[in-house]
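Colleague: Okay, here's what each chain looks like letter by letter:
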Amino acid sequence: MKGKPGASDDARVFAVETRFQKLARRPGGISREKAIERADAQIEEVKPGFDAWLDGELSEFASLIKAAEDGKADPDWIAKANFHSRELRDSATTLGFELLSFVADSLCDILDTIEADSKYNMESITCHVDALMLARQKSYRRLRPEQVPELTKGLRRVVKHVTIAQPGDEETRS
Amino acid sequence: MTPAPNMNLRDLVILVADQSSYMSMLIHSMLRGFGSNKVLEVRDSLGVFQALTGQRVDILICDTRLPPHGGLPLTQTIRGKTDNEHRTIPILIMASDSRESTIKRARDAGANMVIAKPISPASLYDRLSWVAFYPRKFVDTQSYFGPDRRFKIEGYPGGVGRRRGDNVAEVAAESGPALAQNDIDNLFSAARTGQE
Numbered sequence: 007m008k009g010k011p012g013a014s015d016d017a018r019v020f021a022v023e024t025r026f027q028k029l030a031r032r033p034g035g036i037s038r039e040k041a042i043e044r045a046d047a048q049i050e051e052v053k054p055g056f057d058a059w060l061d062g063e064l065s066e067f068a069s070l071i072k073a074a075e076d077g078k079a080d081p082d083w084i085a086k087a088n089f090h091s092r093e094l095r096d097s098a099t100t101l102g103f104e105l106l107s108f109v110a111d112s113l114c115d116i117l118d119t120i121e122a123d124s125k126y127n128m129e130s131i132t133c134h135v136d137a138l139m140l141a142r143q144k145s146y147r148r149l150r151p152e153q154v155p156e157l158t159k160g161l162r163r164v165v166k167h168v169t170i171a172q173p174g175d176e177e178t179r180s
Numbered sequence: 044m045t046p047a048p049n050m051n052l053r054d055l056v057i058l059v060a061d062q063s064s065y066m067s068m069l070i071h072s073m074l075r076g077f078g079s080n081k082v083l084e085v086r087d088s089l090g091v092f093q094a095l096t097g098q099r100v101d102i103l104i105c106d107t108r109l110p111p112h113g114g115l116p117l118t119q120t121i122r123g124k125t126d127n128e129h130r131t132i133p134i135l136i137m138a139s140d141s142r143e144s145t146i147k148r149a150r151d152a153g154a155n156m157v158i159a160k161p162i163s164p165a166s167l168y169d170r171l172s173w174v175a176f177y178p179r180k181f182v183d184t185q186s187y188f189g190p191d192r193r194f195k196i197e198g199y200p201g202g203v204g205r206r207r208g209d210n211v212a213e214v215a216a217e218s219g220p221a222l223a224q225n226d227i228d229n230l231f232s233a234a235r236t237g238q239e
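From first to last, the protein sequence lines are chains A and B.
All the letters of the first sequence, read from the start, carry residue numbers 7 to 180 under our numbering.
All the letters of the second sequence, read from the start, carry residue numbers 44 to 239 under our numbering.
No lab work stands behind these hints: they were computed from the structure.
Be a bit skeptical, because a hint or two may be false.
[Said to hold, decoys possible] Below are the DSS-like pairs computed for lysine-lysine, each with C-alpha atoms no more than 25 Å apart in a straight line:
hint, chain 1, residue 1, chain 2, residue 2
1, A, Lys-28, A, Lys-86
2, A, Lys-125, A, Lys-72
3, A, Lys-144, A, Lys-53
4, A, Lys-78, A, Lys-125
5, B, Lys-81, A, Lys-40
6, A, Lys-144, A, Lys-159
7, B, Lys-180, B, Lys-124
8, A, Lys-125, A, Lys-159
9, A, Lys-53, B, Lys-81
10, B, Lys-180, A, Lys-28
11, A, Lys-28, B, Lys-81
12, B, Lys-180, B, Lys-147
13, A, Lys-166, A, Lys-125
14, A, Lys-40, A, Lys-28
15, A, Lys-28, B, Lys-124
Only a predicted model underlies this, so the values are computations on that prediction, with no experimental measurement involved.
Put together the whole structure using the sequences plus the hints.
Modeller: Here you go:
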């Protein structure tokens with residue numbers, strides 16, 4: 007254990023065989039290929055519910071932004087927006103909606119920066135929410151980011167602008 | 044490449060702890076596809092403790108941002124309680140924030156593995172398979188209780204492999220951008236029993 011973090015001369019090292027390990031190795035399991043194929047099929051089954059869920063998420067964003075613009079936002083509204091943004095990115099990626107995933111990821115970058123820095127530019131957030139509204143439309147849903155270069159370049163410019171501090175351009179979080 | 048051994052998740056109790064009900068539902072769907080028939084979902088740490096005290100749980104899949112304090116303090120608490128029958132339960136941590144500092148904190152909290160969000164069926168399967176087929180010894184010291192952090196990975200059973208040029212085990216100073224899953228695996232010092 008010498009030289010390792012947390013190690014000491016009196017370290018006790020012992021083998022553990024958990025129930026998970028014992029039972030997962032039982033005969034009768036399914037192959038990796040089959041398991042992944044079946045998981046993909048399960049995900050396809052839940053895809054139809056995505057639109058309703060997405061609408062709920064976008065309406066959450068709209069409420070958070072409206073409250074912030076009216077000066078009535080909770081102090082932790084950026085953290086809440088970031089939670090929804092990550093949730094959207096993670097779900098859209100898993101479901102294969104690349105453009106939505108790209109926009110949500112870009113919004114995560116913005117919100118991460120704001121969470122770390124306490125300053126924000128509301129337009130950088132609202133333009134991302136507008137982009138999410140666009141990307142949710144069925145005609146855009148299956149597109150990849152490189153198929154809408156103007157949109158992706160624009161969002162990248164916004165992220166660059168926000169992540170490289172521009173003194174005087176930002177409002178201080180209320 | 045050696046074919047992966049078949050994994051049998053039937054009747055194993057899998058606890059998914061994620062604040063997001065939608066993400067949790069997607070993970071649940073994947074697990075069902077893998078053959079799991081006993082998946083529990085909770086939204087916060089209290090739910091985890093209630094589940095762990097109320098029944099047997101075989102593996103915990105937990106988000107780093109689990110309310111109220113996060114999945115890493117929760118992992119540390121589970122590992123730290125000496126009278127806890129789930130003290131050695133396998134814990135997979137899901138992380139949206141895959142910066143090196145986060146991954147190192149997860150490893151030092153006693154997590155078996157970190158899986159970067161967004162999660163795909165293949166990435167989840169491979170990490171479950173790794174926990175199942177390559178058990179690691181536990182280390183108990185004054186400052187740490189959890190899976191041995193000293194080991195290396197040479198690819199998942201039949202799944203993703205290491206990239207050429209990947210470093211094994213030892214890690215650089217923390218900071219910097221988010222890590223790719225392979226880098227997380229290496230940083231996490233993945234295991235192969237007997238090949239430390």
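Colleague: Against this structure, judge whether each hint is valid.
Modeller: Status of the hints after comparison with the structure:
1. A/Lys-28 / A/Lys-86: 40 Å, violated
2. A/Lys-125 / A/Lys-72: The given pair, whose Cα atoms are some 18 Å apart, holds under the 25 Å limit.
3. A/Lys-144 / A/Lys-53: 13 Å, holds
4. A/Lys-78 / A/Lys-125: Within the cut-off at roughly 17 Å; holds.
5. B/Lys-81 / A/Lys-40: 19 Å, holds
6. A/Lys-144 / A/Lys-159: 21 Å, holds
7. B/Lys-180 / B/Lys-124: 18 Å, holds
8. A/Lys-125 / A/Lys-159: 23 Å, holds
9. A/Lys-53 / B/Lys-81: 22 Å, holds
10. B/Lys-180 / A/Lys-28: 15 Å, holds
11. A/Lys-28 / B/Lys-81: Roughly 16 Å between the alpha carbons, so the hint for A/Lys-28 and B/Lys-81 holds.
12. B/Lys-180 / B/Lys-147: 19 Å, holds
13. A/Lys-166 / A/Lys-125: Since the Cα atoms of A/Lys-166 and A/Lys-125 sit roughly 15 Å apart, the hinted pair holds (cutoff 25 Å).
14. A/Lys-40 / A/Lys-28: It holds: about 21 Å lies between the C-alpha atoms, which stays within 25 Å.
15. A/Lys-28 / B/Lys-124: Roughly 24 Å between the alpha carbons, so the hint for A/Lys-28 and B/Lys-124 holds.
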